[in-house]
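Kindly generate the complete structure, drawing on both the sequences and the hints.
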Amino acid sequence: MYWDIFRDYVVTNKVPPIGESYLLRQYVRVCIDVFRSFDKSELTLDELSQSYSKGNIRTLDNILRELRNIGLIKKEGDHFRIKRQDIRDVTSLKEYIKSKLYRHTAYIRLRDSEQKSIGLKEIVTTFKQIFKLSFAEKTWDIYSKYFVSWLNYVGLDFNGRLMPALKRGSKSFEQYPNRETFTPQSRPQKIIEVFSNVVNKRISDFKKYYHELYDLKALGLIAYSGHHIRLTEKGVIASKIIGTPELNKLISNEALQTKKIGEAVKFLSISPNSSKKEFAAALSHVVSGISSASYKKQTINVLLAWAKFVCS
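Throughout, the working numbering is defined as the position within the sequence shown, counted from one, plus 1198.
These are calculated hints, taken from the structure and not from any lab test. Predicted model only: the values in this text are computed from it and were never measured. Some clues are possibly wrong.
Subject to a maximum C-alpha distance of 27 Å in a straight line, what follows is the list of computed BS3-like cross-link-like pairs (lysine-lysine) [what the hints assert, rightly or not]: (1) K1506 to K1457; (2) K1336 to K1457; (3) K1438 to K1388; (4) K1330 to K1314; (5) K1406 to K1432; (6) K1447 to K1464; (7) K1272 to K1292.
Now the in silico label distances, taken between C-beta atoms and shown as ranges [unchecked claim]: (8) E1312 to S1467: 52 to 58 Å; (9) E1444 to K1388: 29 to 35 Å; (10) E1444 to T1379: 24 to 30 Å; (11) K1464 to E1312: 47 to 53 Å; (12) Y1300 to C1509: 36 to 42 Å; (13) Y1300 to S1467: 47 to 53 Å; (14) D1284 to K1474: 46 to 52 Å.
Even glycine gets a Cβ: it sits at the ideal position worked out from N, Cα and C.
Dropping the structure here:
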């Protein structure tokens, strides 16, 4: 990086802006939701999970790490604190994030490039130049989509060169969680109950059912923007078989397409008489990225419930 700065200085006789380099590894919406759930000066991970949605959310500690990277919160001991006391509303929040992204090395390079249009391909290429890391192409694509979600949130589009298909208002990349990394938050019977409530328009408290709605979105049955929920084509089909074994079969088939549930089902199918301890040991690699012991235990229990549901 320092060589690039010196080279640009020699060529232009001007000191180029020194950007901030970090990969955004979460969609902006989940990070903003967690940030807004701070209702006092400091919170522990367990307290925050309760205040957010009556329990842990998906990889909450990773979302908190993202908020620290962007400079919105800080960690002192076991407590998380709001770092930016000057942020009092959505407008000031967006202005702050915009100023941070404006100094992001990837944004600076793409903004100053001669590319006539900027899409995921160009973003991935720029990421690879900045971050000398070895990721699968699919992972680079995911990180580029995360980056775009943050740009859209604050209205940055490389001076109008961000491809229209990536801009807000087009099909949202937040619409369906990635099935390779998706971690189920709720047990299948609760999912079915909430789905029935969605169909009958009985969901008045979006935050209360965040976990179930997130899982339903991952299974491809619903989509939502803000608090507006709609059924997908698959969701419409499912709505017509509520209360029948066919719905369980449909949901099981969709669940099997997610990596973590698929691995849980595979183990239980091979070892149907295994103990919970044996199940947890076999699935330990699936939850290895979770630092919270309570969330890790909860995830194992949820995966076991899904495996039993699919195998029944």
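Cross-check of the supplied hints:
1. Taking the CA atoms of K1506 and K1457, the gap is about 16 Å. The hint holds against a cut of 27 Å.
2. Pair hint K1336 plus K1457 holds up; C-alpha atoms about 14 Å apart against a cutoff of 27 Å.
3. A distance of roughly 18 Å separates the Cα atoms of K1438 and K1388; the hinted pair therefore holds under the 27 Å criterion.
4. With a CA separation close to 26 Å, the supplied pair K1330 and K1314 stays within the 27 Å bound.
5. Taking the CA atoms of K1406 and K1432, the gap is about 24 Å. The hint holds against a cut of 27 Å.
6. Proximity of K1447 to K1464 is assessed by CA-CA distance (about 17 Å); at most 27 Å being required, the pair is judged to hold.
7. Restraint check for K1272 and K1292: the C-alpha separation of about 18 Å stays at or below 27 Å, so the hint holds.
8. Our hint of 52 to 58 Å for E1312 and S1467 holds, since their Cβ atoms are close to 54 Å apart.
9. The given range of 29 to 35 Å is broken by E1444 and K1388, whose C-beta atoms sit roughly 19 Å from each other.
10. Distance hint check: the CB atoms of E1444 and T1379 are about 29 Å apart, consistent with the given range 24 to 30 Å.
11. Evaluation of the 47 to 53 Å hint for K1464 and E1312 yields a pass: the beta carbon distance comes to about 49 Å.
12. One distance hint, 36 to 42 Å for the beta-carbon pair Y1300 and C1509, is violated here, with the actual separation near 51 Å.
13. Distance hint for Y1300 and S1467: a CB-CB separation of about 51 Å, consistent with the stated range 47 to 53 Å.
14. At roughly 48 Å, the beta carbons of D1284 and K1474 sit within the given window of 46 to 52 Å.
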